[in-house]
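J.: On the provided structure of chain A, position chains B, C and D with the ligands as indicated by the hints.
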Amino acid sequence: MDSTYINEIRRQFPILNQQVYGKPLVYLDNAATTQKPLCVIDRERDYYLHENCNIHRGVHYLSQMATEAYENARRTVAAFIHAAAPHDIVFTRGTTESLNLLASSLGQLLIEENDKVLISAMEHHSNLVPWQQMLRQKKGQLLVCPMDDNGVLDLQRYETLLDEKPRIVSIAHISNTLGTINPIKEMIGMAHKHGIPVIVDGAQSIAHHYIDVQSLDCDFFVFSGHKMYAPMGIGGLYGKSDWLEKMPPYQFGGEMVDQVSFEATTFNKLPFKFEAGTPNVGAALGLESAVRFIESLDRNQIEAYESALLQRAVEQLSEIEGLRFIGQAAKRSGLVSFVIDGIHPYDLGTIIDKMGVAVRTGHHCAEPVMTRFGIPGTVRASFALYNTMEEVDVFVKAVKKAAAMLR
Amino acid sequence: MDSTYINEIRRQFPILNQQVYGKPLVYLDNAATTQKPLCVIDRERDYYLHENCNIHRGVHYLSQMATEAYENARRTVAAFIHAAAPHDIVFTRGTTESLNLLASSLGQLLIEENDKVLISAMEHHSNLVPWQQMLRQKKGQLLVCPMDDNGVLDLQRYETLLDEKPRIVSIAHISNTLGTINPIKEMIGMAHKHGIPVIVDGAQSIAHHYIDVQSLDCDFFVFSGHKMYAPMGIGGLYGKSDWLEKMPPYQFGGEMVDQVSFEATTFNKLPFKFEAGTPNVGAALGLESAVRFIESLDRNQIEAYESALLQRAVEQLSEIEGLRFIGQAAKRSGLVSFVIDGIHPYDLGTIIDKMGVAVRTGHHCAEPVMTRFGIPGTVRASFALYNTMEEVDVFVKAVKKAAAMLR
Amino acid sequence: MTIKEIQDAIVEDFSMFDDWMDRYAMLIEIGKECPLIDDKYRDDKHLINGCQSRVWLSAEMKDGKVYFAADSDAVITKGIIYLLIKVFSGQTPSDILDSDLGFLDKIGLKEHLSPTRSNGLLSMLKQMMLYAEAFKLQEDKK
Amino acid sequence: MTIKEIQDAIVEDFSMFDDWMDRYAMLIEIGKECPLIDDKYRDDKHLINGCQSRVWLSAEMKDGKVYFAADSDAVITKGIIYLLIKVFSGQTPSDILDSDLGFLDKIGLKEHLSPTRSNGLLSMLKQMMLYAEAFKLQEDKK
Ligand SMILES: Cc1ncc(COP(=O)(O)O)c(C=O)c1O
Ligand SMILES: Cc1ncc(COP(=O)(O)O)c(C=O)c1O
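Here the protein sequences come in this chain order: A, B, C and D. When you number the first sequence by numbering that gives the first Met the number 0, it's gap-free, plus one each residue, and the end is 406. When you number the second sequence by numbering that gives the first Met the number 0, it's gap-free, plus one each residue, and the end is 406. When you number the third sequence by numbering that gives the first Met the number 0, it's gap-free, plus one each residue, and the end is 141. When you number the fourth sequence by numbering that gives the first Met the number 0, it's gap-free, plus one each residue, and the end is 141.
Quick caveat, the hints were computed from the structure, so don't treat them as lab data. Any given hint could be a false lead.
If we take Cβ atoms under 10 Å as the criterion, some of the chain A residues that face chain D in the derived model are [stated by the list, open to error]:
(1) Q17
(2) Y20
(3) I342
(4) P344
(5) D346
(6) G348
(7) T360
(8) H362
(9) R371
(10) P375
(11) L405
Treat the numbers as computed from the prediction; the structure is a model and nothing was measured. Yeah, the Cβ is synthetic: ideal placement off N, Cα and C, and Gly gets one too.
Just chain A, same shape as in the assembly (with noise of 0.2 Å):
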């Protein structure tokens, strides 16, 4: 990819274009969140300098359009990620807040006592807790699908733990920690053949692959906005309308409700159902921005990019002596995780960051990968559209001096 059409793109970034400790600021730290572009950043504040107002059920104008705006994020979002209906997206804070609405709401209506849900071992904690906090409730089970030493899940035992008829399965599409992609696709057509509905967890995919949830057939498809460009405080589940009609409300209050009394209350039709309290319109508006920017790119090119950029970091890194890679499957994507012999990620980071090279260390909210791996931690550096090859010499060269200063 010409290193102009990224350079382009990199304006739009101004926080990219600053010095930490008088070093030119290297982010890698995209699989935590990613930088917003301009216009992302622009919208939010039009809506406040001229759109602000609390939506549905005022009639009058600013109420009308602030009302309209979100709605037309809904749809936008829908169409992104091909969404049968505008009314499948629910907005939520964040993938986190997504699936404890669903280990709620979902384990309410489907997880009776001593029954299971499936999750594999490479889950983030968002994936994990949930799920296991539920289902101690409801003395059910967590079965965990293992991986290998490659940080590849183990598909045949896979198929003997849906056999022990889960009533959920929840997996990430690519891991956070060893960047893995999941075969989600044959896992859900797996999973539906025992009748078992899935849920993808698509915070590491969102912004770096095209979505297509209906081809997917996944049941649900969690996401947050700050990991693809746009504003904190935003986020998505998409679900299937069947699903979503069963379900009973995770939150009350606001606008989910439908007619109230002290003696019963009647909830309000999807997607509000599941949306309750004053809705986040300005960061709605402000994904609906992200997606906006996001598809105004040559998708394809930039995934290709993506890739090369973390092929020419795992090429370089390899070598360094005494590294070991954390996640080794062949598709992998967004970011490299390793760990060097005789030395703590913990000391390696903030070296590196004295260099101005900001990557994440520690177990990036997945601990029970680095018990499987034995490790204290890894350092992780996780790309995104706007980061050069340069970046990724520099990062190399600030591992390979801190490694030597530390050795």
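T.: Below, chains B, C and D with the ligands alone, put in the same frame as chain A:
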């Protein structure tokens, strides 16, 4: 109060300076959401331009800075409402989420079968439905403190209801429909004599009145940022640490855990225990900026001025034939609600909207109040510090004109 | 008259007035003066709850044509209902299903049919179309 | 030496280096070379979990003075621990409680003690102060 002072404040709210249908906007829907001053809008923008990062557990510069900014915002909010310690403040999405958190978490801690929760007859759905639904699951009972025709709570009945030993009392500080200021300090004292903890729904009070949670001695205080000049998507839950320590977490995932394995999870300390998922850092900084904005003003004067706005509206509206105020408590604040004989609130709201006047019509998410007064809804005008006396006049004129058309 | 002709007539009536005040005044007059539905239909079964205003709707088929009756507690809503009833009542199911609602835009009332308005009008209109469809199916079966 | 004197000496040692690289190199050297805690203390009871790095801490009182030993799995953390131990070990509880940590700022390491850093250092420092306080209470009782 000097009108130059108000105009100076007003200039900080660019949205107010616009026309709808060719008429100057008169924004009197502040109880639904307030507009935002430039300093708040710019704070959030600056964050995304220069500081954006996911916080906690990141060792790199941006993450450290953003974490500190976020925790500073917590300190600012804690000081604003006179919390004993910053960790007594949990950032939530707003009042509705805070109340759902409490209904779930405090509910788990305190409510057994057949237990009771006491609310008032003037609660917003967000302080009614979460309790109602939680109690339904636990086969408990919702007690409702009644009010008189003026919209004043009956404290004698409150006392007898406390004798029924509810486990929790949850009461609005100020009614969003009637404007009644409830005597919460007295009510808290009465409940505490029975050893019952009290939640105060401060959604309508925090922007307009001085709040000291320690002097009130409430156990919990909940509020929304967007009703106090801050962005949407952020709000707070204050709780005495003793309670917060004892309460189980509400949502799971992210920073709220301490250690995780597939078998068990231990949770982080306060306030993180209650903040699952990536926090909305940008909005928290906006909230901090809104607090500083409010603190920069002469609050006594502002309170007096807002009360004068209300006074003027009430006086002028009284002249309208067939107009009946809904809510005539001696202690009122911020808003006026009314109906006019033979005129549907929807019609009135629709017509005055065409004259540029934005008010809310309907049940204001407090249907039981409508049922209590036997009306389909009210017209509600609610004020903020940037409203002018002239706007009150325009509003009343518009109501008169509309009433003439509709009668 | 065809649906189109009725709509054109309404647009012409309204076009006499330049400003919204007069148009709304006319709408309110219409809303006030027309008893639109028999009291027996003003029950929960026929209620469409629009949160801000309530709407009652009934429909019947006579000689291949649909006759609607409807009402609302809000007078502006009622005025618009009157216009819709005038347009659709006495038409065949097919004509109703094929019709175009652009005339509401032309007289500046389109916003009232927004899904976000919660006055019950849009739900009513959807319900009218459902009736038309149901009647059409009945017809086709014969 | 008093706490103040030790701190001043550390500041002087570090002031030889202009840039952060050399200062960190020195810290890392310190961290690597000092076996700080007896293996028997490297257990869960003495563990302070800092999420990013782990810290073990033990303390004892001898002749009115407190002796700390501590360790970490991360070498930078360990280097800072060494500096803190050097400063506090062998001092009286009162002197420890009255001391000032400005020297860490002067050598550019203050950020490591931020509550947001989650390297266990701040918790360790708090724990050290708690020990000092507990020992002081013991003394006062005598
Ligand atoms: C795979 C995965 N799931 C869930 C989450 C949680 O997302 P959020 O913190 O936005 O709720 C993350 C983010 O770290 C993630 O990478
Ligand atoms: C008294 C009261 N409680 C709760 C709420 C709900 O607040 P939010 O929608 O910001 O969660 C409101 C807002 O309308 C309110 O006025």
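J.: The structure should be examined with respect to each hint, and the outcome stated for every one.
T.: Status of each hint after checking the structure:
For A/Q17, the suggested interface contact is broken, since its CB lies about 18 Å from the closest CB of chain D, more than 10 Å. With a least beta-carbon distance of about 7 Å to chain D, the hint placing A/Y20 at the interface is held under the 10 Å criterion. For A/I342, the shortest C-beta to C-beta distance to chain D is roughly 8 Å, which falls under 10 Å, so the interface hint holds. Because the smallest distance between the Cβ of A/P344 and any Cβ of chain D comes to about 8 Å, under 10 Å, the interface hint for this residue holds.
The beta carbon of A/D346 is positioned within 10 Å of a beta carbon in chain D (closest approach about 5 Å), and the interface hint is therefore held. Interface hint at A/G348: satisfied, since its Cβ lies 8 Å from the closest Cβ of chain D, which is below the 10 Å cut-off. Against a cut-off of 10 Å between C-beta atoms, the interface hint on A/T360 holds, since the closest Cβ of chain D lies about 7 Å away. Hint status for A/H362: holds, given a least beta-carbon distance of 8 Å to chain D, under 10 Å.
Interface hint at A/R371: violated, since its Cβ lies 18 Å from the closest Cβ of chain D, which is beyond the 10 Å cut-off. The closest approach between the C-beta of A/P375 and any C-beta of chain D is roughly 6 Å, which is under the 10 Å cut-off, so the hint is satisfied. With 10 Å as the threshold, the beta carbon of A/L405 comes within range of chain D, its nearest partner Cβ sitting at about 6 Å, so the hint holds.
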